[in-house]
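So the sequence lines, in the order shown, correspond to chains A and B.
Residues in the first sequence are numbered from 20 upward in steps of one, following our numbering.
Residues in the second sequence are numbered from 20 upward in steps of one, following our numbering.
Hints listed in this document are in silico derivations from the structure and should not be mistaken for laboratory results.
Do not take every clue at face value.
[Unchecked claim] Label-pair ranges, simulated between beta-carbon atoms:
| id | chain 1 | residue 1 | chain 2 | residue 2 | range |
| --- | --- | --- | --- | --- | --- |
| 1 | B | 20 | A | 198 | 37 to 43 angstroms |
| 2 | A | 242 | B | 193 | 47 to 53 angstroms |
| 3 | A | 198 | B | 243 | 43 to 49 angstroms |
| 4 | A | 168 | B | 59 | 54 to 60 angstroms |
[Unchecked claim] If you want the ones that stay clear, here's a sample from chain A, every Cβ over 12 angstroms from chain B, calculated:
| id | residue |
| --- | --- |
| 5 | 86 |
| 6 | 149 |
| 7 | 153 |
[To be verified] Chain B regions said to be covered by chain A (calculated; three or more residues, Cβ under 8 angstroms):
| id | segment |
| --- | --- |
| 8 | 23 to 34 |
| 9 | 203 to 210 |
The C-beta atom is built at its ideal place from N, Cα and C for all residues, glycine as well.
There are 2 protein chains.
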Amino acid sequence: MRSLKLTLAYEGTRFVGWQRQADGTSIQGLLEAILGDIDGAPVAVAGAGRTDAGVHALGQVASCTLASALDADTLRKALNARLPADVRVLAVDDVPQAFHARFSAKGKRYRYVLANGPMVSPFAARFTWQVPGRLDVTAMQQAAAHLVGTHDFSAFQSTGTDVVHAVRTVTLAEIADLTDEPPTPLPAQAVPGGRLLAFEVAANGFLRHMVRALAGTLVEVGLRRRDPDLRALFESANRALAGPTAPAHGLWLVEVNY
Amino acid sequence: MRSLKLTLAYEGTRFVGWQRQADGTSIQGLLEAILGDIDGAPVAVAGAGRTDAGVHALGQVASCTLASALDADTLRKALNARLPADVRVLAVDDVPQAFHARFSAKGKRYRYVLANGPMVSPFAARFTWQVPGRLDVTAMQQAAAHLVGTHDFSAFQSTGTDVVHAVRTVTLAEIADLTDEPPTPLPAQAVPGGRLLAFEVAANGFLRHMVRALAGTLVEVGLRRRDPDLRALFESANRALAGPTAPAHGLWLVEVNY
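Next comes chain A alone, as it looks inside the complex (with noise of 0.2 angstroms):
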């Protein structure tokens, strides 16, 4: 058996999201399932992240075990002939055993877009979360800059999750104009006559939703309804105290870092 590292792109409109789900299709139960039929065995597939329902990948990262001797690029060729346009593998590499995409991985990094404006291209629609009002960017990087270092996340995490530990370190959490040069996927003239905000966050890991719940808080920043001052929502600990969560189809996964 050999490890496989597996970067992959995907626009996440229609899936139930990476992790597969008893209805629904996901990134993972496809990978499985073409996986699965080179192998002629059941193969299992990690994420290095959990993308939910809607949410974009630049640069995903799986890994799994193969006995398939095909070598790597054959491979990629093989799984592109066989996914959906709406996935691609870009790369497929072969990495030591104890390489796995979530526990290996040293960070990642998240985008999440927003369509500042009165109007949004309906072909930038599915990948920004729409604010038409006046957004105060100095404060929101004010409170962008709170994120960075050591914190406890509990404030910015779902309920429901029994995640012991949610102590982070974030190393880069600031707000960009994108507006003159609209990354890929975005097209040109993504928000006729506003802006193109991005909040572009890197950390050693992320706890459940908790990018889009750091955006809704940014945005609340942003429209001058809550000080920039963040530090007491990390002492609080409480997520009823932070911001909403922000829509998932204004978040992209854009790399991890091994």
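Given chain A, put chain B in place with the hints provided.
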């Protein structure tokens, strides 16, 4: 009653097409429902072109007569507030009573986009037809040049349609390489390791499936399965002699001229 011209963009993926149908969501049906609510009476909306299911529009034009006295930009905002995010009204203009989106049109421009390479970005797949094989672009250019002028396009219209008069005047027909500057709604790096090609075509009118039949024929020329001299096809007036109808999702209605 006043006459209105609506300019629209839409992402055609999930629609049954422009035209209202018994089942499924159409752009015409959405507009008629909202405008009917605004007027409190049925409103008929005419479109310049009946785009098929999956066809995208950057600048579709529609017309209607309306009793409402709301000013044009307020109507635009009211429509966008109620339309789904994959349809946007770009402009609403008051026009002379005689204006009709279809009958007043002097011409239309379409773009058919080919992803010529081994892999298509999952963010470009909705907007392109993937043709992995090597394409002879020079031969395609030669063939496209034969389309310009006034011809009987019977060989390029769907069988089953009973248009008596199939003579149309094509004013632009060329193959463009868009690899380095992918137009909206395509992302950068739409075809990693390949080319993004477009068949750009403008005419005073189009028959049913005409652009898709032309695109299918030009691809056969590009694959060197067909001679670039298309003149015999005009003379034959025989749909069976031309190439296949290319898939709907590679087609964009770019603009309508009046």
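Hints, one by one, checked against the model:
| no. | hint | in the structure |
| --- | --- | --- |
| 1 | B:20 / A:198: 37 to 43 angstroms | holds (40 angstroms) |
| 2 | A:242 / B:193: 47 to 53 angstroms | holds (48 angstroms) |
| 3 | A:198 / B:243: 43 to 49 angstroms | holds (44 angstroms) |
| 4 | A:168 / B:59: 54 to 60 angstroms | holds (58 angstroms) |
| 5 | 86 | holds (26 angstroms) |
| 6 | 149 | violated (8 angstroms) |
| 7 | 153 | holds (17 angstroms) |
| 8 | 23 to 34 | holds (count 3) |
| 9 | 203 to 210 | holds (count 6) |
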